[in-house]
Amino acid sequence: MSTTDRLTGRLNNDAVLIVGVVLALYALFVVFGVLIGLDADGIVSTLRRLTFLTAVYALLALALNLQWGYTGLFNIGVAGFMAVGAYTMAMLTAPVDPGAGGVPGLGLPLWVGIVGGMVAAGLVGGLTALPALRLRADYLAIVTLALSEIIRLTYNSTTFQRFSVAGAELGTGGASGIPGPVNPVSTVYYTDPASPASPPTALGGAIFDFFGGFGLENTTVIGWTYTLVLVVFVGLFYFLLTRVGNSPFGRVLKAIREDELVASSLGKNTQWFKIKTFVLGCALMGLAGILWQGSQSLITPALFLPIVTFYVFVALIIGGSGSNTGSVIGGGLFAGLLFLGPTFVGRIVDASFDLGGAPSTFTDAAATLGSLDAAPLLAYSLDRVSTLRFVLLGIVLVYLMQRRPEGLLGYRKEPAAAVDLSRRDAPEGGGGPAATDGGERR
Amino acid sequence: MGIADTYSRGRRLVVERPLVLVLGLVAVLFLLDLARKVTAGSLSVASLATFLEEGLILGLVLGLAGVGLSMTYAILGFANFAHGDYISAGAFAGWATTYVIGGLGTLPLGDLLLLGVSGDANAGTVGASVTSTPVATLVGFVVAVAFAALLTLGIDRLAFKPMREQEGIALLIASIGVALALRYVLAFVFGTSSSGLTAGDPSILTIPPITIPDFAILGFEISGVAVLRSPISITAHELTLTFGAVALLVGVHLLLQRTKLGTAMRAMADNRDLARVTGIPTESVVRATWLVGGGLSGAAGYLIVLWRGTIAFDFGWVLLLLIFAAVILGGIGSVYGAMFGGLTIGIAQNLSLIWLPSEFSTAAAFGVMILVLIFKPAGLFGGVTTA
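So the sequence lines, in the order shown, correspond to chains A and B. Note that our numbering has the first sequence beginning at 598, numbered continuously upward. Note that our numbering has the second sequence beginning at 8, numbered continuously upward.
Because the hints were derived from the structure by calculation, they are not lab data. Cβ atoms here follow ideal geometry from the backbone N, Cα and C, with glycine treated the same way. Incorrect hints may have been included.
What the hints assert, rightly or not - Derived coverage of chain B by chain A (criterion: at least 3 residues anywhere in the stretch with Cβ under 8 Å from a Cβ of chain A; other residues may be distant):
#1 175-187
#2 325-335
#3 378-385
Claimed, not checked - Which chain A residues face chain B? A few, computed with CB under 8 Å, are given here:
#4 Pro728
#5 Tyr736
#6 Thr958
#7 Arg981
#8 Val995
Take the sequences, apply the hints, and build the full model.
Encoded structure:
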């Protein structure tokens, strides 16, 4: 078997794995949707939300995997780098003259904004990396977390709500946020992309009519279109990062992760490698921030709380740090089972059992436990599924770190050699004799 | 000789650590600017004193919370991100007790336990404060300490003990999980809104205005100046917090220096394997560390709420980065460093208000921490990792 065959073989395996996980999640959520009693449009838009979240968490987990999984850089400032990307993009592309109460920007085209956002996130990453990488891993964690909070507080401040640089008016919008640009996907569907009330384009009308026949709303169709764009980006990230990981550059990164002293003894300038990784990873996080939060109608500082970073970490840890395939699968499992799942299970229980009105306080809910009536407590819990979700998340995180810190696919043996080193099988021709040492045949 | 020595040392500093020099210069500039602002009158002495006072109190609290964090960091070897939520949990337990004692008989138990999430139990009806309900406050404080200590020990048994041999980062991630779970259990029980808890905080001590009268030195007539134009008042809660925090910090000092347990802790912080070889029962020292660290976090949480008068499910988490800043500034593992770091961060955060808008004061404290980490990663008390 040649190297390329082996590589494509593994890629195929991984692709089958990813598609399998996604299909299983789809099946689960179709069942959920049917149990809740959603119509076709409801189910399809549920699947869209699942796919969207899977894609964004996969993007972020992939970028983080480059830093943490490959190089061992413990960056818990992901939300901050996302914020830099999304905000820079929004500030560059916002209209120069936004009208009353709007936030002025530079009015540049969207692609300039996206590139600018990535460059800004990469630059901030580089500036962080220069001094911070000399630190121990736990110090780096605290520095990056503090940095992401400084970034968020800065965007939140009224000081930079509006300011001018070299005569140009700019602003972050402060706590109320800055509007995101018009999603370019709408140009396919509407003659006036900014207004869904405008008449659809010829192509858009045809697509609307086709899917409308299946009972799908126009917004669902547009949402799916953008989600598919995200899926393409997941593919691009995956391809790029797999190439990076398998390149000589990537081998040095893995060497740094395993033992930095050895890597530097072999003449590798490990600091420089780490800085480059940090810049690349942060730029990708910035792009993921643009693709995710930048697609919202309003970008606010509250979207970039540290909890987002922990979500990404959970996704990566589930999948297995060090594995790109694991990152994508982790994104899917996190989005499906931990993020959306509890809400749906809550809705199903709510729809199938009559628990009576939920008590408004915990003591009222727990008071009936003495008489062995758990229904009020259950109803109270169902009202607060989104709170309990965090508890579940915390417990899963602790459990994973105790039982399976390498995740589902983490630290798989990745051949570093360009030639096939796997053991050759016994000569072809029938079953052959059983292994004499009593071991299994490989 | 002396001059040449000083010169060569200065030269080394300039050549080898130019950034430290720049940082020092910036600090001196800030101090000069501060002096200029005070003498020019754009900053009154009274408001400077208020900044210092607030900073000192915040610093004591951060120090108190930081000592526990620093101890567990030194002995167990990981940054415990759940520490902030131990603070919240202790505070909730303590204040629920205070409310139950303060309002029992007049208000329903359920409302009191939930600290006024619903019903009529609130700051006005319970009227909790040090002066009006001293017994309830004291019992609440004790419960906060005991609850946080036991909770910490329980969580160690469930979450951290099975991972004792793993590296710091794995434990750090697990502690983030513990923090999430604990914080949202609090949110589940007590709700997510923040509520006012204490009734009026009477001022019990007032520093009167100070004026230096006209006087003459060596024939020069110097006209008097009003150093402090308006009086500064110190409230009962501020005083309680100050005394409580100082007493506990002295207690920790005595524990570490005078007791056998303290010696064992310091030995473990220095070299765990060596400590075990010499026959120190490391596992029970770890347990004692959690008990002391957790108890201090509960005390800090209770006192913070007493001082601020409000409680929210995530207030400990919000404080956590500041506590880390304090601990890192002093040098992780050093208890005295944590006390010193707490005071520095608290005062720095409040003094930053002189130059920066208030929305940046937290960012300024984080900035100080990042600078310290970059220029002196071992902290100001670095090298003294004797718990």
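Cross-check of the supplied hints:
no.: 1; hint: 175-187; result: holds (count 12)
no.: 2; hint: 325-335; result: holds (count 4)
no.: 3; hint: 378-385; result: holds (count 3)
no.: 4; hint: Pro728; result: holds, 4 Å
no.: 5; hint: Tyr736; result: holds, 6 Å
no.: 6; hint: Thr958; result: holds, 5 Å
no.: 7; hint: Arg981; result: holds, 6 Å
no.: 8; hint: Val995; result: holds, 4 Å
Violated hints: none; the structure is consistent with every hint.
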